[in-house]
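Everything in the sequence shown is counted per the working numbering, starting at 297 for the first residue and increasing by one.
Worth flagging that the hints you see were computed from the coordinates, not collected in a lab. Check each hint, because a few of them may be wrong.
[As the list claims (entries may be wrong)] Estimated spans, in silico, between C-beta atoms of each pair:
(1) T361 x I336: 35 to 41 Å
(2) K359 x T337: 18 to 24 Å
(3) K329 x E352: 38 to 44 Å
(4) N326 x H305: 27 to 33 Å
(5) S338 x D301: 26 to 32 Å
(6) L322 x N298: 14 to 20 Å
(7) K359 x D301: 37 to 43 Å
(8) R304 x T361: 25 to 31 Å
(9) L354 x K329: 29 to 35 Å
[To be verified] Only pairs whose alpha carbons sit at most 25 Å apart, straight line, appear in this in silico BS3-like list of lysine-lysine:
(10) K309 x K357
(11) K341 x K329
(12) K335 x K359
(13) K330 x K341
(14) K327 x K341
(15) K351 x K341
(16) K351 x K309
(17) K341 x K328
(18) K309 x K359
(19) K329 x K309
Just so it is clear, CB atoms sit at the ideal spot from N, CA and C, and this is done for glycine as well.
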Amino acid sequence: MNLTDPERHIFLKCAEELSELSSELLQAVNKKKKENFSKITSEIKDVENRLQSVKETLFIKFKETQ
Numbered sequence: 297m298n299l300t301d302p303e304r305h306i307f308l309k310c311a312e313e314l315s316e317l318s319s320e321l322l323q324a325v326n327k328k329k330k331e332n333f334s335k336i337t338s339e340i341k342d343v344e345n346r347l348q349s350v351k352e353t354l355f356i357k358f359k360e361t362q
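From just these sequences and the hints, can you work out the full model?
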C-alpha cells in the first residue's frame with residue numbers, strides 16, 4: 297500500500313499499541329502474581345483509539361480510489 301508519511305505514522309503507532317497490549321496480555325498469562333488489570337484496560341483504550349485512526353485513514357484512501 298502506498299502510504300504518505302502521516303499515514304505511515306498512524307499505522308506504526310497502531311502497531312506499537314497492539315504490541316504493548318500483546319505484551320501485557322502475555323504477562324497476565326505467564327506471570328501468575330502480576331495483577332495488571334488497569335494496564336491492560338489502558339492499553340485496550342489506546343488500541344481502540346489508534347484503530348479508529350487507521351479506519352479513518354483507510355476510509356479516506358478508499359474514497360480517493362473511487
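Results of checking the hints against the structure:
{"no.": "1", "hint": "T361 x I336: 35 to 41 Å", "in the structure": "holds, 37 Å"}
{"no.": "2", "hint": "K359 x T337: 18 to 24 Å", "in the structure": "violated, 34 Å"}
{"no.": "3", "hint": "K329 x E352: 38 to 44 Å", "in the structure": "holds, 40 Å"}
{"no.": "4", "hint": "N326 x H305: 27 to 33 Å", "in the structure": "holds, 31 Å"}
{"no.": "5", "hint": "S338 x D301: 26 to 32 Å", "in the structure": "holds, 28 Å"}
{"no.": "6", "hint": "L322 x N298: 14 to 20 Å", "in the structure": "violated, 33 Å"}
{"no.": "7", "hint": "K359 x D301: 37 to 43 Å", "in the structure": "violated, 20 Å"}
{"no.": "8", "hint": "R304 x T361: 25 to 31 Å", "in the structure": "violated, 18 Å"}
{"no.": "9", "hint": "L354 x K329: 29 to 35 Å", "in the structure": "violated, 40 Å"}
{"no.": "10", "hint": "K309 x K357", "in the structure": "holds, 18 Å"}
{"no.": "11", "hint": "K341 x K329", "in the structure": "holds, 24 Å"}
{"no.": "12", "hint": "K335 x K359", "in the structure": "violated, 36 Å"}
{"no.": "13", "hint": "K330 x K341", "in the structure": "holds, 20 Å"}
{"no.": "14", "hint": "K327 x K341", "in the structure": "holds, 22 Å"}
{"no.": "15", "hint": "K351 x K341", "in the structure": "holds, 15 Å"}
{"no.": "16", "hint": "K351 x K309", "in the structure": "holds, 13 Å"}
{"no.": "17", "hint": "K341 x K328", "in the structure": "holds, 24 Å"}
{"no.": "18", "hint": "K309 x K359", "in the structure": "holds, 23 Å"}
{"no.": "19", "hint": "K329 x K309", "in the structure": "violated, 30 Å"}
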